[in-house]
Amino acid sequence: MIKIEKLEKVYKTEEVETTALNGIDLYVKEGEFVSIMGPSGCGKSTLLNVMGLLDKPESGSYKFIDTELLTLNDRERSNFRKRNMGFVFQNFNLIDELTVFENIELPLIYNKVPATERKKLVNEIIERMNIVNRSGHFPQQLSGGQQQRVAVARALVTKPKLVLADEPTGNLDSSHGNEVMELLCELNETGTTIVMVTHSSHDASFSNRIINLKDGHVISEKVNKSRNEELI
Amino acid sequence: MFRLNLKIALRNLWKNKTSSFINVIGLAIGLAACLMLLLYVTYEWNFDKQAKEAANVYTTMTNIEGDNRKISGTFEGSVTAFGPAIKAALPEVMYTARMDYGKENLIANGTNAFKCKSKFAETDIFKMYDYEFIQGSAKTALNNPNSILLTESTAKLLFGSTDVLNKVVRFKDKYDLNITAVIRDQAENSSNRFDYLMPWSFYESIDESAKSINWGNYSYITLFRLKENADLAAVNQKIMAVIKNNTRNDFQTQALFPLSKLHLYGKFEDGKSIGGAIEQIYLFVGLAFGILLIACINFMNMATAKSEKRAKEVGIKKTIGANRTSLIIQFLTESMVLTFIAVVIAIALLELSLPAFNHLLNINLGISYFNAASWTGILAIVLATGLIAGSYPAFYLSSFNPVQTLKRKIGSKGQWSVSLRQVLVVGQFCFAIILIVATLVIYRQIQYIKNRPVGFDINALVEIPQDGQLKGKYELFKNELLQSGAVSAMFQSSVSLSHHGSNFMDVAWEGMTKPTNTVLFNQVATTYDFIKTNGIKLTDGRDFSKNFASDSVGVLVSASAVKVFGYKNAVGKTMSAFGDKYHIIGVFDDYVWDSPYKSNNPMVVFFDPGRTGYITMRLNETNSLQSNIETITKITKGINPAFPVEVKFLNNLYLEKYNAEKTLGILSNLFGGLAIFVSCLGLFGLVAYSAEQRTKEFGVRKVLGASVANLMQLLSLSFLKMIAVAIVIAIPVSYYAMGKWLIKFEFHTDISWWIMPVAAVGTLLMALITVSFQAYKTAKANPVDALKYE
Ligand SMILES: Nc1ncnc2c1ncn2[C@@H]1O[C@H](COP(=O)(O)OP(=O)(O)OP(=O)(O)O)[C@@H](O)[C@H]1O
Ligand SMILES: [Mg+2]
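Which chain is which? The protein sequence lines are A and B, in order. Heads up, the first sequence stops at 570 in the numbering used here, and the numbers go up one at a time, no gaps. Heads up, the second sequence stops at 797 in the numbering used here, and the numbers go up one at a time, no gaps.
A few of these clues could be false.
[Claimed, not checked] Taking CB as the label site, the calculated pair distances span:
| hint | chain 1 | residue 1 | chain 2 | residue 2 | range |
| --- | --- | --- | --- | --- | --- |
| 1 | A | Glu455 | B | Lys14 | 18 to 26 Å |
| 2 | B | Ser398 | A | Glu455 | 30 to 38 Å |
| 3 | B | Gln429 | A | Asn468 | 47 to 55 Å |
| 4 | B | Tyr450 | A | Asn429 | 55 to 63 Å |
| 5 | A | Lys497 | B | Gly384 | 26 to 34 Å |
| 6 | B | Tyr403 | A | Glu343 | 31 to 39 Å |
By construction, these hints were calculated from the structure, which means they are not laboratory data. Since we're looking at a predicted model, the values are computed, not measured. Idealized CB from N, CA, C, for every residue including glycine.
Model the full assembly from the supplied sequences, consistent with the hints where possible.
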């Protein structure tokens, strides 16, 4: 579904020039759950941001089911993003001024889903995420695990083809972390493609394939057999 | 979508309660002040512009010639011959109307008698003013010599109703006049106002000088209505030709001037208008928009300050699908909603404070003075405010790359780079400091003029107009009053002690070198006890006295008159006026009788029992004031029963001289104070916001051992630096500007050395209090609370 070739991204600041991505080649199949791992600063988040069309690389190609995405203009990128992608961040990134319900509803509004249907979809997902009695709360009133579940719910509510998660368990203890990972697995099982950045090999063990980055390169790739067998 | 954006906006407001409240209230106060000043400006600006034909109506100005044929003064007034002659000669003239200046005169319905403002005018006045007739009509109102037109309030005053057609009123306790019309009261912002109007034909029958068609007596107003698009310059040239044809020699020149401009451009130099009250109007417009600008700056500063936090929200929204347009719309909606709330509060504030404002300035403003055009203007101001305030976050933030904004801390700048916000705060406080200095200097100047000695003791002096029987029975009146013990001395005179010039130039003196006099003199006619009563300082000679029969050709002259004559020992010398010779029997020091802002003309006091006008009395200070006034009232009523008794205190009359500057003083104090207040509100808001944002940082610092003082310094210093910069800029600017203002006055104070430090220290102190209040609160907060935050 995704085919990335020779992707390069350079950050220029006054003092230094950092090559965050240095010719990355990568593919992701439909329905796959891919983990990206590597030492701090190797360009994982940068790669994820490029994949999520949040950042533009210097050169390379990024095909999404045969559509070249890097040549799109801002408006097209934004439209493509809201139709096809969902995001989960390490620091949740919920809007403080909106309640749980409203936070989850927001992407549907941007996708111009009618109000009655929005309500149905949001309630469905809230139920699935087990946060029904929290729907009127504001993010500050929730624990980290609950906040991340809201963030996952928000990423899923539009039923995106691709979910991008940047260290989704980074701020959570292991039991809350596991909850989130199970959610992602469930999601993956219903057919959603997932790309996740993580530092934890435990989390990575949930995925089908692990890609290792270093200094902006893909240095190795490992298929997770046990998980793949499970899948079949 | 809109609903959700509104929700975010309102919850954002609520979360930063203090700063939002300050923000909205500050803008509301600024808007209210701006609207109030604009209301006043509209009132002044529309002076004499109400009538449909107002733009084509002109009044006649006369130039006074001084030395070397230079024009030394210009006043509104003309002669009786002027109007008819000009109308006959100039095709541009459609209508002309002569009238008198108007005077408080007795008008009575039976015993129901009042002194109200009378005016005489020719019927063409109805072609110039659009009077609204309740009874009668313009066609018939002034046709008959013994007819009279009342205003609505005069009719109600005299009869209790406006249904008074063909009823009779008595004018000056002498003439019975038939009411032929009642009109609605004229707008307050118009000249030539009256309480009742009588026909010119009636004036001619009771006043000789009005009847005689002459080119010498400049005691009348002459209005013209010219054809549309008439060329004023050409008309004035033709007028000069007509004057030359009709008069013997080089006569005073006259010219037409637009009536609707006289109020605002009434200051003339060399026969040309060089401004006038319009300067104050410009000042007030500047002040109005200055205050609004200060409030808008607060608003914008707050919006930009908050936008740093809002960046995160923008980032999140972008990642989940918002495009740029929707974000721009969101931010603009938000600031529009805020501005709208502020406008509603502002209009409420305006309505609430208008009565007090009117009371203060002694005028009667209402929101109705704003017409559709003004409202459109106000709406435009509001939209602009909202747009400008919202545009920074709208266009700047929405352009950001979501990854950048999610990482927080956008556009963190070096220590020395200056942000727009800092520039705005400095500008704001510059304005505030200049206003403080201006307010102080204006106040000191007014005090200086007020404290300038008038030249005699005005406190125990009262005056009454010499009406009706008080003219013929003056001696009887004087005896009764003196005997009663209420009054220790009194005199009659042609004008009040405090009067506008009663000018003449026909003066000659011993050893005069010039062929004719070119200095304008002021004349007063009186009888005995002039000096004895008023207590003006006699430097040489004596008062008029019954012991010298020759005093009927004696005169008292002012010190400045002696200077013009060039006499060493003036007493005993002679001078002549209007062709008669007079002996100087006394010299007195100049005193303030007209404008206290400039030195008055030299003055000659003649002895003439026939020229009556006012009676001035010195109260016997051993009695109580109340009993004195009661006695005077009783005796006056006894001798002159038809007229109401009007005792006026001279100190009040002198106070009225300061009215124009009083308005300036009140407005500059009030709005200067408001400007400073709104500036401080803005500063408070910024500090409060900055404190709200840095709660966590402060918590950490405190845990690490920072003291309250450390933290306060951390929070306050950057703000106080901005104020210091503002002071450095504003002090020289205001020194220069106020210096320029002061030299326009002949008598003026200096800018005292202490004014600048007071303004500087005052501002700094206010800022310090504002900042440290918030800083202290933040610094004292429990660090655990701070760390829990977010
Ligand atoms: N906005 C930026 N400006 C300059 N350099 C940047 C910027 N963002 C990232 N970098 C640099 O790019 C490189 C890759 O950063 P990236 O955030 O992708 O690392 P990462 O693999 O996600 O690390 P971590 O595991 O710590 O999150 C780093 O060396 C980083 O310093
Ligand atoms: Mg990272």
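Checked hints:
1. A/Glu455 to B/Lys14: 18 to 26 Å: holds, 20 Å
2. B/Ser398 to A/Glu455: 30 to 38 Å: For A/Glu455 against B/Ser398, whose Cβ atoms are near 35 Å apart, the range 30 to 38 Å holds.
3. B/Gln429 to A/Asn468: 47 to 55 Å: Given about 49 Å between the Cβ atoms, the range holds.
4. B/Tyr450 to A/Asn429: 55 to 63 Å: holds, 58 Å
5. A/Lys497 to B/Gly384: 26 to 34 Å: violated, 52 Å
6. B/Tyr403 to A/Glu343: 31 to 39 Å: holds, 35 Å
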